[in-house]
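Novice: Here are the chains, one letter per residue:
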Amino acid sequence: MPKFLHAADIHLDSPLRGLERYEGAPAEEIRGATRRAFERLVDLAVEEEVAFVLLAGDLYDGDWKDYNTGLFFIAQMNRLREAGIPAFVIAGNHDAASQITRVLRPPDNVKVFSTKRPETVILEDLGVALHGQGFASAAVSEDLAAGYPSAVPHLFNVGLLHTSLDGREGHASYAPCSVDGLRARGYQYWALGHVHVREVVSRDPWIVFPGNLQGRHARETGGKGATLVTIDGREVVRAEHRDLDVFRWTVCAVSLAGVAGSGEALDRVQQALETALDAAEGRPLAARVRLEGACPIHDDLVGDLERWTAEIRALATGFGDALWIEKVQVRTGRAGDLGVLERDDALGGLLHTLRELEADETGLAALAESFADLERKLPPELFDLSEGAEAARPTDPEGLRARLDEAKDLLLARLLSTPEALEA
Amino acid sequence: MRLLELYLKAFGPFTERRLDLSGGEPGLHLVFGPNEAGKSSALRALRALLYGFPKQTGDDFLHAYDQLRVGGRLLLADGSELAFLRRKGQKSTLLATEDESPLDDGLLDRCLHGIDERLFATLFGIDHDALLQGGQELLEQKGDVGQALFAAGLGTRNLRKVLQSLDEEADALFRPRGQVKKINQAIAEHQKTKRELADLSLSGREWDGRRKELEKKREESAGLESRLAGLKTERNRLARLRRALPRLTSRRGWLARREALGEIVVLPSGFPERRREAQDALRAARERRDRAATELAGLRDEVAGLDVPRDVLDRAETIEALHQGVRKHEEDQKSRNRLLAERDELRARAGELLEDVRPGLTLEEAEALRPALERWRRIQELSQRRQELDTGRKQVRRDLQQAERRLAATQEALAARPEPRDPAALRRRAEAARKAGDLDQALAEARETLRREEDQLRIELARLGLWSGSFDELEALPVPPAETLERFRESFAALAERRRGLEDQQKVTRAEQTDVERDLDEIRRAGVVPTEDELRAARERRDREWSLLRRAWLAGEEVPAGQAGVYEQTVEEADDLADRLRREADRVQRQAHLLARSDQLVRALAALDAEEAAIAEEDERLRDDWTVLWSPCGLVPRPPKEMQAWAGRHEKLRLRAEALRTQRRQADALEETRREHRAALAGELEDLGESAPSAETLDPILTRAEETVRALEGDARERLRLTESLRDAEAELAAARDAESAAAADLEEWQEAWADAVRAFDFDREALPGEVSHFVGTLRDVFINLNQAAGLDLRIAALDRDLATFRTSVGALAEQLAPELAGQPADQIAVQLHARLAEARQRATRRRDLDRRIEKLDQEIRQAETTRRAMEERLALLLREAACDGEAGLEEAEAKSAESQKIAMALEETERELLLDGEGLTLDDLEREAAAVDGDLLPAEIDRLDREIHELEKRSLDLREELGKEQRELDHLTGGDAAARAAEREQEILATLRDDVERYTRLRLAAAVLRREIERYRAENQAPLLRRAGELFGTLTLGNYRSLQTDFDREDEPVLVGVREGGRKVRVEGMSDGTRDQLYLALRLATLERYLAQAEPLPFIVDDILINFDDDRSAATLKVLAELAKKTQVILFTHHGRLKELVKELRNGAGVFVRELP
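Going down the list, the sequences are from chains A and B.
Note that our numbering gives residue 38 to position 38 of the first sequence, counting from 1, and the numbers run on in steps of one.
Note that our numbering gives residue 442 to position 442 of the second sequence, counting from 1, and the numbers run on in steps of one.
No lab work stands behind these hints, which were simulated from the structure alone.
Wrong hints could be hidden among the right ones.
Unchecked claim - In silico DSBU-like pairs for lysine-lysine, Cα to Cα no more than 35 Å straight-line: (1) B:1119 - A:327; (2) A:65 - A:327; (3) A:327 - A:116; (4) B:161 - B:182; (5) B:216 - A:65; (6) A:111 - B:217; (7) B:1140 - B:1126; (8) B:232 - B:216; (9) B:965 - B:954; (10) B:181 - A:65; (11) A:65 - B:965; (12) B:194 - B:161; (13) B:55 - A:116; (14) B:1119 - A:377; (15) B:1065 - B:1126; (16) B:965 - A:111; (17) B:1127 - B:55; (18) A:327 - B:181; (19) A:377 - B:161; (20) A:327 - B:212.
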């Protein structure tokens, strides 16, 4: 029974974001992750002896200019060619914006669908008809699917489309269409791209987002890869996901509720990291460690977050070159109740002032203004609102409001960290 | 909340120790403990009580970890009390005080009001370190009011450090104009990486253009290469021809010369050398022979003219010996003259000496005195002896006078001593008293012990209870023996046991009875239960009716009306009962069983009641016996167990009373002993005429007695010493007198000996020793000189003999060898003979030399002749080989042969080169090709080709280089990931930057908020807090300061100042360390008071803050703390004993309590 591979959103040479370099971080392990994942896709195609490979858009990052990326793509397509496997490609929003696309001359086993009108390719020996149309510009707002031809009778019809469907969280709305609209074409399989989260939208007909090939930041967690589809005549026999990522992202929530001291806290973190590593099936892993729960070491954590981050990173190096601690987030709470301290004494006053400041627009704006010097110097990329960016502008009062809570914790931690007065 | 009691059940050094803190409202509690008393442990216990034990504790040295317990009683705000224990552990550490059952861990939450452990330590604890640091902090922030107030309000002592660290950490991250700050650096690095990324990126268009360019160049390069190959072939051909042309010409020349030479004998190589060798050797042999012959003739002539004197050589040894004797001969003559002069000098000196001491006496006459010189030593000895005698006599006289003086002095001293007295008896008494020990001290201690023990015993006797009386009565009290008491206790216990058993049994029985009754009642309530008896009765009734009817039926008896109905009824009844009995058999049986059991229980209860009465009776009897037992003691006894304890206490007291009696007897005995010793010592002192001191105690009189004994013993020792001295002086005087007479006798004897000794020299006995000695000494010198002169005469005679012998020997030799020398002095003759010997020896040597050379020359001539003949033969052979007639033709033949060989070699060489260069062409081909070109034009043509090739090659090389370079560049551009890597690096930098910016914002924000709050707090609290802190500060500094105010410094920032009496303001840095501590304390206390005004109070724990305060300031501080203690409980831990005194003075203020550890 013939098989084919469906992948999308390769984003070749798109860098991994948010990984702060530190001593002992597995820096070499993350090098060229998107390339290596793509190589594994080709490996899989050859290994499974698939009949063809579908790439449903976004081969490259739109603003990526280095033509070497295109050459790498050609080299991989040549490998498919040697194995006698054709590839069918549509341009996504990123590809439309990319300069690489315009110059690239792919080998003769690669068919790139037109961006002007829908095209159909018929593979006689397999009994398969492929329909597709690429993005001509970076922003396509009309329903491309509406223009696709009706199914070719007696063949297994596949539609390639780069779309946000009827809207997906965190993804710009492109080539909008509805499941019903797709169904109306009468195809057997819709190979979609654009949404980075794997999703089987429907099984009759099959409408599939394979997700992107390799996670690139802390919000693209879990396994990433392509969909391997087996067909028999006009039936889909099996559509299974294959993880192809070489580097995985995860969020490790660790509850510190009830820990007695820092040693125990680190033990818990270590356990959580071990579990996460097991789940990554031998891949190197970027973990965001989120510490939660009310605990007696809360003040220590917020008072000296840098040291804790360093300690947890040191802990991670104990796992060999397999673990990158992306970030340590402290979401723990103080063991006691602070409310009762809000009296008219010094500490109560401080807490009170902080709470007032949260609601004080002018006060916040004045504070924010003091960071103008810093903001002017910072590179604009830092606040790039594209995927993966998390930094807020320091002069943004809203961002500052969120920071106030951290400042409060920091102050309490430091002000109260006196040597024990009762100890004789 | 306040602490009523701290219960150190098992903690640190404590076991079951309770610290009462309940006094006061709520009160100042001073917990006083000297060092090592466990003060720190108590503090830790207090902390553990409220907040649990720390994970690690050192307080388990006495009690194991799991045994550690601290307890307490708290008084809560609502007036309720809370008592609990705390154990060490993770969970369920709160326990009930009574039975240690676990309590809810959150129990304390409502009394601690959310104040956690650290906050409690910060707000409600102050210790000495905190005070010092707080004071120091005040100084370092130079009295900045806001910070001072805020720091005190928070109870923190590191506010300034917190602010400073926030600023420093933020500064390390970023500064607007910084270069090395972390964020600034990251920004710069980011820009650099972006540039790198741009450089590394390759645009698609550029790549395509380059690829096409490369292709074009590659084609051009291939065209060039093929043209170059054609040019190079032609150039090679022409170059070959150019090389071959001169060689071809040369070959032709050689061939012509070989033709011209014709037929010749070719001589073997080496022939000319062999020929020249033979000719040279022949010539040399002839010359050598002639030279040797000439030399030989000359030598033979010389031999003929050489004369060798044999006779001289024969006597060579004799001549040598005499020649050696010449020097000795001369010396002998000189020695002889010198000796003669010495001898004459000695004789003349002897004469002079003799003339000096005895004029007129000749040397010959003096010889008569030579024998007398033997007495010389005797004279010397006697002179010496006379000197010794004179010295001895002088010494004897001095000794005599000294002995007489000493005797007189000793006699006088002895006469002056007092009469002796004997202290032996007194000493014995004193030693006896001393041996008895320090009786005064022992007696005083015994009496004191006795008194204390009596007091103690009296108190305990009073506490014994049940009985009172004197110690004697106590001892006499006829308390029954322990065994009896035990017997009674057992009896009572047995009885009680029996009663308990009985009561249990009664209880069980009654319970069962109740159960049985209830069950019965239940059965009855469910309907009457038929019994067998009832059935029997019914059947009887039926039978009776039946017999009536039967009789009527059979016997026709009259039946009362309705009788038949009665019978039926009875039948029915009986059947009914039988049916029910059958149907309700279980109930029936159960009821029957219950009824039987009920009867049994009634009987059992009766038996138990009887038993109870018996026990009561027995109890009565036992109690009577018990009372009777104790009646002799005159007391009403308590139960046996208590009385056993009482008897135990009584026994202990009795034993102590007995011991007391013994001690009293011992004290009396001591008193008697002391009295006896005093009397004895007084008697003895009186006997010796000394007075005795009249004190009650023994010590003064004993001391007096010992002093007297020491004085008397000293006296006796001095007298003994003087007597011995007198004896010694008398003996010395006698010895001196003996020595004087012995010296006189010695002088007499000496004079006799002297007269005898000097007689031989014609002196009389009166002659003085000096005079005689001089004469005899000079005479000795005369004889010594004469003796030396005689010795010299002997040596002169020996020399004369040697001189004569030498002359004789020389004369004899000269006569034989050189008569012409006769008449000359012998030594000259000997010298000349020696010269002649040397001459003769030279000639002999020359002759031997000549003979050897002549022999050698003969041999050489013979050898030269042999060589000459051999060479002549060899030359003849060579002539034959070259076919020459004479030696002159030989050289021409050689020259022709050489020419022929040279031509052959040159031809061979030329042809070989031609073939090599011809690259496969034959000589004929070459000749043909050469004929086809014009040799003169060749070089120009080749040059032209060379230039063209060179140019093309250069272009080809450049092209290839370009190609290679571009190919390499393009190769690098095939899919490399350098740009991607740069992009990854950029993201890493951005990530770092993101974190740092967050951190920076957080730090700056925290610092800004804190500063703002400090300022707000100051503005809001300054006035009331400063007023109150000022009052406290005034009290604490004993009025040195009147109040606290704010002033402004140069930057117009408010600063804290103390105001002195009279209005002078003192800045914080102008205060002493101690005053600053007090200022900090004042601020802390004022803040605490403010806190307490609106929140639930907790105990304020003060740990030894008064270490460095003097008494007055400590008192003032205590006063302030006592004042505070009206609002919240204050617990002050201290190890200062002095504080206790200060507290006593404060007591009129009340509410102050002192607890001592341990």
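Novice: Tell me the hint numbers this structure goes against, listed in increasing order.
Specialist: Hints 1, 3, 12, 13, 14, 20 are the ones this structure does not satisfy, whereas the remaining hints hold.
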